[in-house]
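The chain contents come next:
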Amino acid sequence: MSELVEVVVRGLGTGSVYALLALGFVVIYRATRVISFAQPAFMVAGAAAVSYLSVEIGYVLAVPVAVLIGAGLALAVERTTIRPMIGKPVFVIAIITLGVDVVVRVFVNALIGADVRQLGDPWGLETVALLGVAVQQRFVASFVVTGLVVAALFAFLRLTRYGLAMRAVALDQEASMAQGVSVGKVFALSWALAGGLAAVAGAFVGTGSGIDQTTYIVAFAALPAIILGGIDSIGGAVVGGLGVGLVQSLVAAYQPDVAPWLGSNFQVVTPYLLMLAVLLVRPYGLFGTPEVERV
Amino acid sequence: MTTTLPTSRETPRTAGVMPTRRRSRSLRGRPGMFTSYAQELRLFNTRPKRIWVRLIILGALFIPLAVTDEWLRLLAVGYVAAIGAIGLNLVTGYAGQVTLGHAFFIGVGAYTAAVISGDPNGSTLGLGITFLPIWVLAAGVVAGLCGLLVAPLAVRLRGLYLAVVTLGLVFLGEHIFKTWDAVTGGPGVGRPAAVPSLFGYELDQDGPVFSAMQQMYLLMLTLLVIFAVLARNLVRSKVGRAFAAVRDRDIAAEIMGVGLTKHKALAFVVSSFYAGCAGALLYTVTGFFDPGSFNLLLSVQFIAMVLIGGVATISGSIMGALFITLLPRLVQELPSLLPAVSSSPTEFPNVFQVESLLYGLLIIGFLIFEPRGLFGIWIRIRSYWKAWPFTY
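Chains as they are written, first to last, in the working numbering: chain A, 1 to 295; chain S, 1 to 392.
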């Protein structure tokens, strides 16, 4: 029982990172109908920024600065490579983001270096008692912070003018343009938001264990999460992210005993198997909008 | 008077192409003028194309006499990569199904060939059949069957959903290759590649006339020509036109009577077949592959080949594949030209970083500035000289 609680907390903690990344994917998708493959690069950029800044100004201050850096980076990418491509097929833009990912990661990897870098977070591997079970603080922290970020995002979308504009553009780009919404601003805002969310995810991805040059692979697990939740559903991204984290952590805990023939590190690929299974039944995800196409 | 004038003018012009006497004949000095549809669809529909292709193949045959083994190996790898790139171009460029899973099929082909040709008494699985056509075709068929397994997803999903799913395929494949060490040898260990033997004659040993590398080079060149002609024939057939219809507007194509399920599945199977053959040959040419190397980076490299070469062109795929294969070698020359770039992997602007940076920048740059790739650049140069000295 105590092991199960620990596994669930671990799953929700890593799932929060996926949820944050998935939110970034969904925000960009809703505005531009493009899946941005550059999110992993923004995540490691945020993580690298935190690892350098936390030495100077402490982890708590480093995270907001890293978020600003991530948002600025995403904004710059949007301006230089995505804006000229408006109106081109989404596939082409998606491949451009793949190129952006490669380019940004070259620089981030140079910053990270060959070894593991610590983020300088206050939690490390310390534990806290929860329901009488010792669970790691870092997972609780990432879950709580993600909850706050998601609440803030929902409030932003629901209560502010720009949030309204973003929802309008997601619904119908041309109609919102006709109503005076600046679609270009919404694109930029979406990319900046996604960059910032990815940076928050980066701040939590390496807590305790540190980051290295292969950390970016983690971010790809957020892709099954958005497909699971439905690619245009913000709530679905959160559910999908947490679900993927939970399944991964459960598999990591029990698969070596139950089915050792599946190999070590099998939990890394479970999100993709989960995604394949869900897609065969519901091609638009759990909460996504079914696509209706006219000729 | 005024009414008869147009008809008298029309008569001599239409006489040559009367529907009753449809004969394909080309006009001297007008290579771009086709008098029948079949003529435009021919394998080499203009004379310069026919002549140039023959000259290029002839030139390629004589390269082994002129360059060192190191460059021959690179070119051979480039030719094999071109076979894989043609496969990716068939599914992504012609049929419009975006896939990031090409590396998975390459890996399936590589290990199928290695198993079939492997030593039956070795530490890894092996059947001991070293006859080259058998293991190349078997690698293609097994990879094609894997493609058939993906096809149901491709039929249900569209656009970027499919890209994400095939991305998942790469991660799944990487895990299987790393785990199933009876076949792959396991990470860090690997296994020997397939042995290329033709009628009892081992091509990777020095022969009486040519050295081992020269034989491999000529073999890969021959296979590339075969695969390229097959692909070109496929895309100018009914199936190829169906692919293009599916790409341009799949629902409209379906309404016109193009079977979506059939053609999407077919595109995946053919593309995976090419990838499987390319994987088998790639393993043989390079000699060693770590099971972890069939990863996302390999898929991105193939996408870069297709995009940089030219989407939906066979010649473009070959150009792109050669370009991407030769790029690392060219980048290695950089430290002597640019002292800021270091060849040691621990310093910041080192050749490996410059190399991946170039992949990324070239993908972005070509997509923004020259979406038709190297092929498009060639078309521009050709049109310029066609009209020279006029601008159009």
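By construction, these hints were calculated from the structure, which means they are not laboratory data.
Any given hint might turn out to be false.
Unchecked claim - 35 Å max Cα-Cα, derived DSBU-like pairs, lysine-lysine: (1) 238/S <-> 178/S; (2) 88/A <-> 262/S; (3) 178/S <-> 88/A.
Claimed, not checked - Partner residues are not named here, just some residues of chain S that face chain A (Cβ under 10 Å, in silico): (4) 152; (5) 165; (6) 203; (7) 338; (8) 341.
Even for Gly, the Cβ is constructed at its ideal location relative to N, Cα and C.
Now the hints, each set against the structure:
1. Restraint check for residue 238/S and residue 178/S: not satisfied, since their Cα atoms lie roughly 41 Å apart, outside the 35 Å limit.
2. Taking the CA atoms of residue 88/A and residue 262/S, the gap is near 28 Å; set against the 35 Å cutoff, the hint holds.
3. Annotation: proposed proximity of residue 178/S to residue 88/A is violated, straight-line Cα distance about 38 Å (limit 35 Å).
4. Checking residue 152/S against chain A by beta carbon gives a least distance of about 7 Å; that is within 10 Å, so the hint holds.
5. Hint status for residue 165/S: holds, given a least beta-carbon distance of 6 Å to chain A, under 10 Å.
6. Interface restraint check for residue 203/S: the shortest CB-CB distance to chain A comes to about 35 Å, outside 10 Å, so the restraint is violated.
7. Residue-level restraint check for residue 338/S is violated (minimum Cβ-Cβ distance to chain A is 16 Å; threshold 10 Å).
8. Taking 10 Å as the C-beta contact cut-off toward chain A, the hint placing residue 341/S at the interface is violated, the least distance being around 13 Å.
The earlier numbered hints that this structure contradicts are 1, 3, 6, 7, 8.
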